[in-house]
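Protein chains in written order, with this note's numbering: chain A, 1 to 752; chain B, 1 to 355.
One or more hints might be untrue.
The following label-pair restraints were derived from C-beta to C-beta distances [said to hold, decoys possible]:
#1 Thr-74(B) / Ile-166(A): 47 to 55 angstroms
#2 Asp-145(A) / His-96(B): 25 to 33 angstroms
#3 Ile-166(A) / Ala-336(B): 37 to 45 angstroms
#4 Pro-192(B) / Met-72(A): 33 to 41 angstroms
Selected chain B positions facing chain A (Cβ under 10 angstroms, derived; list incomplete) [what the hints assert, rightly or not]:
#5 Ala-73
#6 Asp-75
#7 Ala-128
#8 Ile-147
#9 Asn-233
#10 Leu-256
#11 Thr-261
#12 Trp-264
#13 His-267
#14 Phe-279
#15 Tyr-283
#16 Lys-285
#17 Ala-288
#18 Ser-295
#19 Pro-296
Take a look, some chain A residues computed to stay more than 10 angstroms from chain B by CB distance [unchecked claim]:
#20 Tyr-33
#21 Arg-366
#22 Ser-398
#23 Ser-432
#24 Leu-629
#25 Leu-630
It is worth saying that the hints were derived from the structure and are not from the lab. Idealized CB from N, CA, C, for every residue including glycine.
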Amino acid sequence: MTQRKRQFSSIHSRLLITSLLPLTLLCIVLASYMISSQRAVLLANLHNTGSVAAQQIAANAEFALYSNNQQMLTDLGESVLDIPAVNGLLFYNASQRSSVAIGELDAKAVGIPGSNEFGRPRFVDHNWYYYSRVTLTPPALEDYDEGQAPRPEVLGWVVVSLTDKILEQQYREGIFAILLVSTLGLLVAAWLSMRIGRSISRPVESLTEVVESMEAGNLTNLAVENGPVEVRKLASGINQLATSVRQSNVRMQSEVARATAQLQITLIELEEAMEAQDQFLARMSHELRTPLTAVIGFSKLLSIEIDPAKREENLRIIGMSSSMLLTMIDDILEFSKARVGGFTLEKISFYIKSWIADVMAIHRQRAEVKGLTLSYSIASDVPRALVGDPVRFTQVISNLLSNAIKFTDAGSVKVDIRCLSNIGGKVTLECSVADTGKGIEESKIPTLFDPFSQEDTSINRRFGGTGLGLSICKNLVHVMGGEITVHSKVDEGSVFSFTCELTENAIPNSETLVGASTHRRSADQVLDGVTILIAEDNAFNQKLLVRLLKSYGASCLTANNGQEAIEIASKLHVDAILMDIHMPVIDGVAASETIIQQSGESPPIIALTADVTMAERERITKAGAARLLLKPVNENELINALTSVVASYSNKPAPKGAGLLSTVVPVEELKRALYGSLDRLEEQLRNNENASLREIIHDLMGLSGLYGMTELRDMVMAFRADYSSLNAEKNLIRVKQIREHIENFLVTEPQN
Amino acid sequence: MSGISSNSYLPSRIKGFGKQHSREYGRGYSKELTAARPRLGWLSCVLFAVSMLCVFDTSADTRNLLFFVSKPATDYLEVLNTVKQGLEEQFPGQYHTTVEFISRDKSSAGEIQGEIESADLIVTIGTAAADTAYQYQPNVPILSALITESSFIALAGKYYGSVEQALARRVSSISIDQPTSRSARLAKLLLPAAKKVGVMLGPSAVGRQTELTDIISAAGMQPQFVRIGARDNPIHKIEPVLRDSDVFIPVPDSRLINLATAKWILHLSYRHKVPVIAFSRTYLKAGALAAIYSSPENVAMQTLELIAETADSPDRAGRAYTPKYYSIHFNYSVAATLNVPLRKEKFYRQRLGGE
Numbered sequence: 001m002t003q004r005k006r007q008f009s010s011i012h013s014r015l016l017i018t019s020l021l022p023l024t025l026l027c028i029v030l031a032s033y034m035i036s037s038q039r040a041v042l043l044a045n046l047h048n049t050g051s052v053a054a055q056q057i058a059a060n061a062e063f064a065l066y067s068n069n070q071q072m073l074t075d076l077g078e079s080v081l082d083i084p085a086v087n088g089l090l091f092y093n094a095s096q097r098s099s100v101a102i103g104e105l106d107a108k109a110v111g112i113p114g115s116n117e118f119g120r121p122r123f124v125d126h127n128w129y130y131y132s133r134v135t136l137t138p139p140a141l142e143d144y145d146e147g148q149a150p151r152p153e154v155l156g157w158v159v160v161s162l163t164d165k166i167l168e169q170q171y172r173e174g175i176f177a178i179l180l181v182s183t184l185g186l187l188v189a190a191w192l193s194m195r196i197g198r199s200i201s202r203p204v205e206s207l208t209e210v211v212e213s214m215e216a217g218n219l220t221n222l223a224v225e226n227g228p229v230e231v232r233k234l235a236s237g238i239n240q241l242a243t244s245v246r247q248s249n250v251r252m253q254s255e256v257a258r259a260t261a262q263l264q265i266t267l268i269e270l271e272e273a274m275e276a277q278d279q280f281l282a283r284m285s286h287e288l289r290t291p292l293t294a295v296i297g298f299s300k301l302l303s304i305e306i307d308p309a310k311r312e313e314n315l316r317i318i319g320m321s322s323s324m325l326l327t328m329i330d331d332i333l334e335f336s337k338a339r340v341g342g343f344t345l346e347k348i349s350f351y352i353k354s355w356i357a358d359v360m361a362i363h364r365q366r367a368e369v370k371g372l373t374l375s376y377s378i379a380s381d382v383p384r385a386l387v388g389d390p391v392r393f394t395q396v397i398s399n400l401l402s403n404a405i406k407f408t409d410a411g412s413v414k415v416d417i418r419c420l421s422n423i424g425g426k427v428t429l430e431c432s433v434a435d436t437g438k439g440i441e442e443s444k445i446p447t448l449f450d451p452f453s454q455e456d457t458s459i460n461r462r463f464g465g466t467g468l469g470l471s472i473c474k475n476l477v478h479v480m481g482g483e484i485t486v487h488s489k490v491d492e493g494s495v496f497s498f499t500c501e502l503t504e505n506a507i508p509n510s511e512t513l514v515g516a517s518t519h520r521r522s523a524d525q526v527l528d529g530v531t532i533l534i535a536e537d538n539a540f541n542q543k544l545l546v547r548l549l550k551s552y553g554a555s556c557l558t559a560n561n562g563q564e565a566i567e568i569a570s571k572l573h574v575d576a577i578l579m580d581i582h583m584p585v586i587d588g589v590a591a592s593e594t595i596i597q598q599s600g601e602s603p604p605i606i607a608l609t610a611d612v613t614m615a616e617r618e619r620i621t622k623a624g625a626a627r628l629l630l631k632p633v634n635e636n637e638l639i640n641a642l643t644s645v646v647a648s649y650s651n652k653p654a655p656k657g658a659g660l661l662s663t664v665v666p667v668e669e670l671k672r673a674l675y676g677s678l679d680r681l682e683e684q685l686r687n688n689e690n691a692s693l694r695e696i697i698h699d700l701m702g703l704s705g706l707y708g709m710t711e712l713r714d715m716v717m718a719f720r721a722d723y724s725s726l727n728a729e730k731n732l733i734r735v736k737q738i739r740e741h742i743e744n745f746l747v748t749e750p751q752n
Numbered sequence: 001m002s003g004i005s006s007n008s009y010l011p012s013r014i015k016g017f018g019k020q021h022s023r024e025y026g027r028g029y030s031k032e033l034t035a036a037r038p039r040l041g042w043l044s045c046v047l048f049a050v051s052m053l054c055v056f057d058t059s060a061d062t063r064n065l066l067f068f069v070s071k072p073a074t075d076y077l078e079v080l081n082t083v084k085q086g087l088e089e090q091f092p093g094q095y096h097t098t099v100e101f102i103s104r105d106k107s108s109a110g111e112i113q114g115e116i117e118s119a120d121l122i123v124t125i126g127t128a129a130a131d132t133a134y135q136y137q138p139n140v141p142i143l144s145a146l147i148t149e150s151s152f153i154a155l156a157g158k159y160y161g162s163v164e165q166a167l168a169r170r171v172s173s174i175s176i177d178q179p180t181s182r183s184a185r186l187a188k189l190l191l192p193a194a195k196k197v198g199v200m201l202g203p204s205a206v207g208r209q210t211e212l213t214d215i216i217s218a219a220g221m222q223p224q225f226v227r228i229g230a231r232d233n234p235i236h237k238i239e240p241v242l243r244d245s246d247v248f249i250p251v252p253d254s255r256l257i258n259l260a261t262a263k264w265i266l267h268l269s270y271r272h273k274v275p276v277i278a279f280s281r282t283y284l285k286a287g288a289l290a291a292i293y294s295s296p297e298n299v300a301m302q303t304l305e306l307i308a309e310t311a312d313s314p315d316r317a318g319r320a321y322t323p324k325y326y327s328i329h330f331n332y333s334v335a336a337t338l339n340v341p342l343r344k345e346k347f348y349r350q351r352l353g354g355e
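Work the whole structure out from these sequences, hints included.
What follows is the structure, given as C-alpha cells:
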C-alpha cells in the first residue's frame, strides 16, 4: 500500500495523471459528442436523401402522372432504387389511389394520402417514409400576360421508403472509427505525456538522488544542470548549496580541530593546574603541619622544661612557627580575597621613605641571618609624600623582598624605587627588587605568577612557602594600575620589577600623614583608659584578645554570646566592641544591629570573622559594624582599627607619634647606649682592633632594629658590609655619619 | 437567355396607314369581320372626309391624348415612353398627353370620366387598360395596343356587342399576335426539309383551319391539325400529332388554352425532338426553337403611326390592325440540341419581308 502510494506520489506519476486524466475525459466527452452528432448527421442525411428523392421523383413524375403513364412511373421509381437505403417507392394519383408501387414497401405503413400525418417523414419498422406532392404549375408563356397566376394542380403523391439498416451500419462504423481514433489519440497522447513527463521528472529524480546522496554525507556529487529552466535553476542552487555546505564543513572541521586543540591545551593546563593544586594542597599540608608540629612539640617541651634559657628558646621557636603559620594563612586569605572580589585600595597620604624603611627593617633580620646585604634607594624625583594605599604598596615590596632573601644564599638584595612619570601629580613609580640569588630558569618564568606555582616543587621543600606570594603580588600590582615583570639569569640572580600609579601629595600635612612609626605604639599606652567589650564564644580566643588588649592598656569586658554582649553594652559604658560574628544564642550580626538600635550613640563595633565571602561582608556592613577584621587577627591591624574607631568615637585625637623609642626607653638612655657603642666602635677602628667590631656592629643593629630605627639599621648594615674593605679613616667618617644620623633622628622624631 | 437574340425592325420614318395590314387583319379575323369590310370602307370614306375637315379646322389646336396603361411594368412603360417620345419628336407641341394607370385610377372614376370627355383620343396599353376604357364607351376614338386578338374580340363583344360595333364606335386595336403565315414561312426557312407541320388549334382558331391550311401549303408544307378543347388531356391529343410532325406551330388562343397546352407542347417537343415555332419571347425561353412576336418597340411604332392617323381622321371608324412590325428570336441551346443550323437573322428577315 505504501509502495503504491509512493508510486502515485512520484512526480512522474503525477505528471502522467495530470496530463492523461483530463485528456481521457476530453476524449470521452468528444467521442460521446461525435457519436451523438454523427447519429444526428446520419439521420439528417437520411432525411435529406429521402426528402430530396421524394421531391425529385415528384418533380419528374409530373408528366407521367398527368399522362398516367405507369411504365414511365415504374422507370422513374426504379431509377430511385439505385440510391442506397431507398428500398421502395409508391405513387398515388390524384384520386388517392395507389398507382404504382416499386420495391419493398408496406403500403399499410405508408398512411393515407391527405391525412394530417401525411407529408411528414414516418418511421415504421426500421423504415422511414418520405412524402412529396406532385403538382402541375402551368408556365406563363404570354409576353404581356395580365391574368392571375395559375393555381398549381395536384396530380398525385410520391412516397419514398428508406431503410435505416444502412444508417445503423454507418453509425456502428462511425462509432468504431471514433473509438479507434480516440484510442489512437489517447495512446499518442500517453506516449507524448510519458516523454514530456520523463523529461521533467528525470532531472527532478536525479536531483532527488543527489540530495539523498548529500544527506548521506556525500557532498562531492553534483547535480546535472539540464531539463526545464526551473529544474536547472534548482540544480544550480543545490550545487551551490552543496559547495557552501562542503566549504562550511571544512571550515567547521578546522574550527573543531582548532577548538579540540585548544581544549586539549586547556585540558593540559587544567591538569597542570589540578596537579599544581594537588601539589599545593600537599605542600600546604606539609607547610602547615611543619610549624604546627613545632608549636605542639615545643609547647610540650616547654611544659616540662625547667631551664629558663631553654624555655626562652622554646618560646622563640613556638613564636616563629606561629608567625610562619600566620603568614601562610594570611597569604591564602589574601589570595582568596583577590579571587572573590579583588582588593580595595585606600587613598591616604604617606611618606614613602618611611614605609620603605619599615619594610626593610622587617626583613633585615632575616637577611642578616643569611649574611646578605639588604639596601634600598629612592630616586630623588620620587615625591616625598604620596597618596595611595601604602599597605598594599609595601606588601608587594615585602613579598618580593621575602622571596629574594629566601632564594638568595649570598650576596645582596636591593630595592630601587624611581619615578617613571609625574604628570599633573599622577605619579608612576617603578619598584624593583634585585637579588644575587640562584636565578630562575627561563622556561619557568611564564608560570611564575600563577597561583599554586613555584619554580620547582623541590624549591618548596627547601624554601617553604605557599607559592601564592607572587600571584598575590601580581593581583595587587594590577589593582594599582601597574605591571609586574621579572628578569632572571640562572646563578646570577633575579630582578622583579613592578609599576604602580600613585598621586603626589603636593602639600604634605604632617598631621594627616601616616608614618610607618604610627604602627608602632606603646602597647601599654595606645589603649590606655579604653574599655573594650569582647564578644567571643571561644574561650581561648577570648583570653588571647583580653591579654593582647590589656597589654595595650585597655580595660576588657567579655561576653560569651551575642545576648550577653547586648546586655553588657546596654548596662555598662564601653568605648568599643569586638564582635565575633558566629556566636550561639544571638549571632554577631543580630547583636550588632540590636546594640546600634538600642543606644543613640552606640560604641563602634569591630566585627571579627573568618568568613570572607562578599555576602558575609555585606551582612556585616548592613548591621552597622564600623570595621571588619579577618581571623586570625593581625595584632597591628586590630590595634590600629581600635585606636581609630575609639578616637573617632570619643572625639579625642588618636594617640600619634608615640613611637616605641619614646615610650619604652627614655631617649637619653637610648642615646647613651647608642653613643656608647659608637664610641667603642671608633676606639676599635682607631686601634685597628677588629676583634670585637662585629659584636659592636651587631649591638648597633640590634638596637636600631629593636627601636625601629630602620635608616640607622641600614647604615649600620652597610657599614658592616663595607668596613673590612675600607681604611680606618673612612670607616671613622661613616661612624661619624651614623652618629649624626642618630642625633638628627632622635631630635626630629617627635617625642610624646 | 444568351441564346436568344432580338431583331426589332423599326422604320426610320413613320408612314401612312398601310392597307396590307388591314387586309391581313381581315384575313386573320373571323368571317364576320371579313363580311363587314365593304360597309366599313364606305363609312371610312365618310369619316375620312369629316376628319379631314376637322383636321383642317383644328390643325392649329393641341390635341389631348389620354393614355390608359394596364400596369407600370417595364414593357408597358417602354411602349408608353416610346410613343410619347415619338410624339414629342415628330409632333412637338401638338399633343397633350395624360397617363392613367389602371390600378390607381379605379378609385377616381369621376376624374377619369372628366379626362375622357376632354380627350381627343384615348390610347390603351394592355388588356386591362382596354377593358377600363371600353367600360366608359366614350365618344372619342380609342386605340388599343398591346392586346391579343382573342382579348380584343372578347372585350369588344363584352362592351360593344361585337367587334363591328366597337369598330363603328371608333375603337381600333393593334394585335400583338403575329400572323401564322410568318411563323409557317419562318419554319420553312429554319427547317427546309420540313414537310409536316403540326398546328394546334384552340377553340378560338378552329374556324381558321382552312385559312391556315392555305397558308401552310403556300409555305410548302402539309399541316396536321390538332384541336384542343378545354376539357381535353393535351398530352393525349398533341403527342400523336407532334410525334408525326417535323415542326410544330401553336396558334395563339385564349389564355386558358395557351396555359394548358404550352407546358406539354414543349415537353413533348423535347421528348420527340420536334422544334416549336413560338408566338412569344417567353415561349421561346421555355424551350421553343424560335419565336416571331411583337416587341414593345414594334407595338410602340405602330401605335405612334396610328395615333397620327387617328388624330388626322378622328371620325373614321376603328380598325383591327395586325402587327405591322415583328421581332425574331432564336433559342440557340434548343437549336443545338435539335441540331438545327441557324443563319443570321438578317437572312430570315429578308426572306420574310415586311417591316
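Verification of the hints:
A beta carbon spacing of about 52 angstroms between Thr-74(B) and Ile-166(A) agrees with the range 47 to 55 angstroms that was offered as a hint. For the hinted restraint 25 to 33 angstroms between Asp-145(A) and His-96(B), the CB-CB distance of approximately 32 angstroms keeps it satisfied. Distance hint check for Ile-166(A) and Ala-336(B): the Cβ-Cβ separation is about 41 angstroms, which falls inside the suggested range of 37 to 45 angstroms. Taking 33 to 41 angstroms as the suggested C-beta distance range, the pair Pro-192(B) and Met-72(A) conforms, at roughly 34 angstroms.
Look at Ala-73(B): its Cβ gets to within about 8 angstroms of chain A, closer than 10 angstroms, so that hint holds up. Nearest Cβ of chain A to the Cβ of Asp-75(B): about 6 angstroms, under the 10 angstroms cut. The hint holds. Among the interface hints, the one on Ala-128(B) holds; its C-beta lies about 5 angstroms from the nearest C-beta in chain A, closer than the 10 angstroms criterion. The restraint placing Ile-147(B) at the interface with chain A holds, with a minimum CB-CB distance near 8 angstroms, inside the 10 angstroms limit.
With its C-beta approaching chain A no nearer than about 7 angstroms, Asn-233(B) sits inside the 10 angstroms limit, and its interface hint holds. Because the smallest distance between the Cβ of Leu-256(B) and any Cβ of chain A comes to about 9 angstroms, under 10 angstroms, the interface hint for this residue holds. At its closest, the beta carbon of Thr-261(B) sits 9 angstroms from a beta carbon of chain A; the interface hint therefore holds under the 10 angstroms criterion. The beta carbon of Trp-264(B) comes within 8 angstroms of a beta carbon in chain A, closer than 10 angstroms, and the hint placing it at the interface holds.
Taking 10 angstroms as the C-beta cut-off, the interface hint given for His-267(B) holds, the closest approach to chain A being about 6 angstroms. Interface restraint check for Phe-279(B): the shortest CB-CB distance to chain A comes to about 8 angstroms, inside 10 angstroms, so the restraint holds. Annotation: Tyr-283(B) was flagged as interfacial toward chain A, and the flag holds, the nearest CB pair being 4 angstroms apart, inside 10 angstroms. Interface hint at Lys-285(B): satisfied, since its Cβ lies 9 angstroms from the closest Cβ of chain A, which is below the 10 angstroms cut-off.
Below 10 angstroms, beta-carbon pairs count as interface contacts, and Ala-288(B) has one with chain A at about 9 angstroms; its hint therefore holds. Hint status for Ser-295(B): holds, given a least beta-carbon distance of 8 angstroms to chain A, under 10 angstroms. Residue-level restraint check for Pro-296(B) holds (minimum Cβ-Cβ distance to chain A is 9 angstroms; threshold 10 angstroms). Under the 10 angstroms C-beta cut-off, the non-interface status given to Tyr-33(A) relative to chain B holds; the minimum distance is some 49 angstroms.
Here Arg-366(A) stays apart from chain B, with its beta-carbon at least about 160 angstroms from theirs, past the 10 angstroms limit. No beta-carbon of chain B comes within 10 angstroms of the beta-carbon of Ser-398(A); the shortest separation is about 151 angstroms. The claim that Ser-432(A) lies off the interface holds: its Cβ sits roughly 146 angstroms from the closest Cβ of chain B, which is beyond the 10 angstroms cut-off. With a minimum CB-CB distance of about 151 angstroms to chain B, Leu-629(A) clears the 10 angstroms threshold, and the non-interface call stands.
Residue placement check: Leu-630(A) keeps its beta carbon more than 10 angstroms from all beta carbons of chain B (closest about 148 angstroms).
Hint violations for this structure: none, all hints satisfied.
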